[in-house]
Amino acid sequence: MLMERYQAADEIAATELVRRVSPVLYRSFLAHTRSPDISEDLLQDTWIRVHKARHTYRPPAPVMPWLYSIAEHTRLDGYRRRQRRQGRESTLENAPEPASEQTDDVVQRLTLQKLMQSLPESQRQVLIMLKVSGLSLEEIARIQGSTVGAIKLRAHRAYQTLRALLGGERGAQ
Amino acid sequence: MSERIRAMSCDEFDALLDLGNPFDQSDEARQHLQECPRCRELAAAFGGGRGESLPASALAKAQTAALRDLTPVRPLSSPFVAASGTLVALACVILASLLLYGSHGWAARLPWQRASSYLGAGSVLVLSLAAALRERVPGSSLPAPWRYAVAALATLVWTGPFMLYQFQPETRFWPHGAACCCNGLLVGVVSGMVIWLALRRGYLLSPLRTGWFAGVAAGCLAFIVQETYCPVVESGHSALWHGGVVAILGTAGLLMGWRALRSE
Chain A
2 MLMERYQAAD EIAATELVRR VSPVLYRSFL AHTRSPDISE DLLQDTWIRV
52 HKARHTYRPP APVMPWLYSI AEHTRLDGYR RRQRRQGRES TLENAPEPAS
102 EQTDDVVQRL TLQKLMQSLP ESQRQVLIML KVSGLSLEEI ARIQGSTVGA
152 IKLRAHRAYQ TLRALLGGER GAQ
Chain B
614 MSERIRAMSC DEFDALLDLG NPFDQSDEAR QHLQECPRCR ELAAAFGGGR
664 GESLPASALA KAQTAALRDL TPVRPLSSPF VAASGTLVAL ACVILASLLL
714 YGSHGWAARL PWQRASSYLG AGSVLVLSLA AALRERVPGS SLPAPWRYAV
764 AALATLVWTG PFMLYQFQPE TRFWPHGAAC CCNGLLVGVV SGMVIWLALR
814 RGYLLSPLRT GWFAGVAAGC LAFIVQETYC PVVESGHSAL WHGGVVAILG
864 TAGLLMGWRA LRSE
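Those protein sequences? They're chains A and B, same order as listed.
Using our numbering, read the first sequence as starting at 2 and increasing by one per residue.
Using our numbering, read the second sequence as starting at 614 and increasing by one per residue.
Among the hints, a few may not be true.
Unchecked claim - SDA-like mimics (lysine to any residue), calculated; alpha carbons at most 20 Å apart, straight line:
no.	chain 1	residue 1	chain 2	residue 2
1	B	674	A	12
2	B	674	A	125
3	B	674	A	52
4	B	674	A	39
5	B	674	A	42
6	A	53	B	720
Derived from the structure by calculation, the hints contain no laboratory data.
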């Protein structure tokens with residue numbers, strides 16, 4: 002509904018759409034890049050592209066797979082651009098220092114981010130969409146141009162790897 | 614009456630993780646979380662996954678980007694309308710080509726040969742056209758297994774003539790073949806332009822893939838025209854000069870997609 006009104010140049014609807022969707026996209030970018038600055042730029046780039054492509058949305062199709070596909074391509078393009086510019090640098094080197102005052106929630110978030118870095122890209126993508134952005138399996142399948150079964154398989158492999166990693170960390174402590 | 618809660622396995626717990634926060638789930642899930650430290654840690658890590666808040670500056674930038682030059686836009690035509698319009702235009706290209714080149718190949722081929730080649734090329738044409746048209750809308754790409762099926766069938770069109778026709782050395786293989794290929798390429802280029810008209814309003818996230826699908830669709834249409842007008846019923850000629858058009862136009866579409874990607 003908001004998207005249809007955005008297509009009809011309704012400023013209030015567009016503002017509301019940005020307000021509702023941006024936090025989801027920002028969290029997803031942050032989970033991938035671990036840099037608030039880069040995530041902020043990616044979010045802006047995504048909305049520039051969404052604005053350019055807004056006529057391609059066809060109601061009543063779900064908005065999130067459409068929007069998230071654009072966001073995913075923006076993220077990948079941004080990654081390639083940064084890779085070209087900086088050469089092959091480890092993302093861990095660019096990672097911001099964790100905040101000194103850490104609540105339980107922050108600790109959990111940092112643990113998840115740290116663990117996700119050790120997953121293969123395809124599994125990490127699925128997990129971020131599922132657990133950070135809160136998309137459904139069907140929506141992820143549409144975004145990835147895949148089947149629900151294949152997405153489920155990737156997610157379950159990621160759970161197994163994370164479980165093993167958590168066990169390893171506990172053993173090391 | 615005492616109720617015993619059924620023990621849940623880690624795999625069953627994973628299925629719950631797909632749906633959301635397992636802390637809110639059934640008694641079985643809660644019991645599994647008490648008994649399994651790894652699943653407990655995993656669920657706890659995911660529990661904190663959605664906590665990041667969006668800075669006000671980022672929201673302001675996003676709103677500026679989304680609202681700049683805000684004018685009403687006409688939504689893209691429905692896939693059915695786009696596909697029907699394109700198919701009608703492509704049918705016109707086939708008719709015009711046959712009026713120009715004739716249909717001597719129809720009588721020269723056996724019914725089962727005609728049926729096999731038209732069915733093979735026609736199915737690849739429809740599938741690749743559908744795949745290309747779906748690429749217009751972000752998040753609507755054909756699922757991966759279907760994309761692989763199109764690629765596999767396109768290879769079959771290229772190699773199919775070896776199964777359909779016998780090998781008979783042709784005296785004017787090169788001059789006759791080159792002329793046949795040029796005619797096929799001309800039909801393919803016109804078809805490609807028709808398909809481009811249908812794609813031009815879309816927002817192509819994967820120009821490479823879209824270019825390849827469009828090229829293969831145009832190539833298959835050219836293949837159908839060549840099989841109808843060309844009287845030479847020989848495997849080498851059909852594979853190289855008819856099937857080759859599918860390969861050439863598929864590659865051309867891929868290169869055009871790559872060029873579009875580079876110019877972005």
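Q) Hint by hint, which ones does the structure fall short of? A) When the structure is compared with the hints, numbers 2, 6 turn out to be violated.
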